[in-house]
Amino acid sequence: MQRSLRPKRFQQLWPFYVLAAPGILYFVIFHYIPMSGLVLAFKEYSPFKGIMNSPWVGLDNFRQFFGTSDFYILLKNTLLISLLNLVIYFPFTIFLSLLLNELRLKIFKRVSQTIVYLPHFLSWVVIYGITISFFGPSGVINHYLEAWFGGGANFLVSNEWFRPLIIFQSIWKDAGWGTIIFLAALAGINPEQYEAAKVDGANRLQNIWHITLPGIKSTIVILLLLRLGSSMDSNFMQIFLMTNSLNLDVSNVFDLFVYHIGLEQFNYSFAITVGMFKSVASLILVLAANYAAKALGEEGIF
Amino acid sequence: MKLRVTWFDSVIVVIICLISLLVILPFLYIIAVSFSPPGDSLAGNFFIWPKHWTLDAYSYLLNADTFLTSVRNSVLITVMGTCLSLFVSITLAYALSKKYLPGRRAILLFIFFTMIFHGGMIPSYLVVKNLGLIDSYWAVVLPAASSAFNIMVIRSFFQSLPESLDEAARIDGAGEFRILYSVVLPLSKPIIATFTLFFMVQFWNEFFSAVIYLNDTSRWPIQPLLRQMVAISASNISAEAAVDAQMAANLGPNVQNAAILLAMLPIVIVYPFLQKYFAKGAMLGSIKE
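These protein sequence lines are chains A and B, in that order.
What the first sequence shows, in the working numbering, is residues 1 to 302, in sequence order.
What the second sequence shows, in the working numbering, is residues 1 to 289, in sequence order.
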């Protein structure tokens, strides 16, 4: 019998627990203790009494939140941004992946990939700065609009332009990066299928339709479900930067509302209520998405 | 085999070129404005090639205390954050890569759960506040020290190393810390390089936690300062605290765009190194156990 050289007894295993300790401590302090802060959603927080001694108010905060028109506006704005990302950003990423995959000159493919990945690493503030340089009141686009059409547009402070700008920014920043996972799936397609199709006389569009797309179907389904699962999360950093008092009708999403109520007006309990609603709704969506993936015969997210 | 170029190839190449151009043009424009005198760009006399060259914007920024302080703060936060993140993530991921460790599944579940549920913005803020970290760099660094995703990716790398390595080292009498330090880490250069760059980018780009945790604007890193600097021209946003009056007076489009460029410069410099590792890293994360 082979004698295992793995450490077996606790005397030999303790180094691993020592190694794990800082990480576990980190997750306890910065992930689990905040979860316990959610009790404040059921209390009326008073800074003088502290978290423990603040009075319980039951579901009052939730009643108040669902009773206001804010709730529906936030829900609508949040879901609409997610939906637009889903029908514009997401298919564009697939489209871009297919294009990159069809490039036959290796060097050209590498160079163009390098270029489209780059914006992913820039901060949202830099993206915001670039947006202002282009779409701001004295930006280059307004300059040409005035030169050619005699009038500009207030892109950054209007309700109509907020969503198009957000989607455009998302595509510019992340569509290239989003292709990585599809390109990996595309690389896994058996080349024999293409050879067989060639014998049958299929052209390249037919190849894409009958071989390439079905080949990445499961990846598409998983990513689509993941996105559906995160519908309650808007890209907060992006929206935080792009928002202002003049486009608040369309830009106010759950996270932004939480920020205003909690960190600007110091109404912690109510802000936590809203945040908790969002976290729980997200959890349900993610679990539902996972269930749906499995029901469709895919592997599921976890 | 000779490549036969069809109309199909040409169409694809043209579209890809257009998309690439759309990505590159903003950079060229930003660079051009930053090297032009303010009057030039306001008049829109050029697009990507300055008519008159000037280094005014750069010499102003490199002499402005507010700006230099923010760069210094960013460097400090990036160094602190990267070291701490690497330490916390590698040690935990390594321990969890040992399949025979009792309690491993429970710890994994414990960490995985944070991926799908979190307390949210305000409870996290209250924790940082109660720890007395407000106005300290630690407030920016500590809460972002790791993530379930990082742990999973690093762990799966460690699991791919042959177990017989440890066993050989153990026979030679090495302790577990020694094995990690002298055997495993030297073999893990690809994953360490990936995550070093990953964390550097993350902390250099850190913006929101600085806004909410650092009231003392002299401690601000570069991203929130940059936001103040560019927001001034976005009409209704007022020039707040961090951009001092003297700086606000000097904010022409050249200075603003030079600041944008300097804020992304470290990223653009590390990007070529990133690119080699990152595509792989991102893929690794998508592969399940």
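Simulated from the structure, these hints should not be mistaken for lab results.
All C-beta atoms in this analysis are idealised placements derived from N, C-alpha and C, irrespective of residue type, glycine included.
Take the hints with a grain of salt, since some may be wrong.
Stated by the list, open to error - Computed Cβ-Cβ distance ranges for the label pairs, DEER-style: (1) B:218 - A:213: 37 to 43 Å; (2) A:196 - B:4: 48 to 54 Å; (3) B:109 - A:294: 28 to 34 Å; (4) B:181 - A:75: 21 to 27 Å; (5) B:14 - A:64: 38 to 44 Å; (6) B:4 - A:148: 40 to 46 Å.
What the hints assert, rightly or not - Which bits of chain A does chain B cover? Going by a derived footprint, with three or more residues having C-beta under 8 Å, they are: (7) 80-93; (8) 120-134.
Taking the hints in turn, this is what the structure says about them:
1. B:218 - A:213: 37 to 43 Å: violated (55 Å)
2. A:196 - B:4: 48 to 54 Å: violated (20 Å)
3. B:109 - A:294: 28 to 34 Å: Violated - the Cβ-Cβ distance for residue 109 (chain B) and residue 294 (chain A), about 19 Å, lies outside 28 to 34 Å.
4. B:181 - A:75: 21 to 27 Å: violated (52 Å)
5. B:14 - A:64: 38 to 44 Å: Violated, since residue 14 (chain B) and residue 64 (chain A) (Cβ atoms, about 56 Å apart) do not stay within the stated range.
6. B:4 - A:148: 40 to 46 Å: holds (42 Å)
7. 80-93: It is violated: at least three residues are needed, and the region 80-93 of chain A offers just 0 whose Cβ sits closer than 8 Å to chain B.
8. 120-134: holds (count 12)
When the structure is compared with the earlier hints, violations turn up for hints 1, 2, 3, 4, 5, 7 and for no others.
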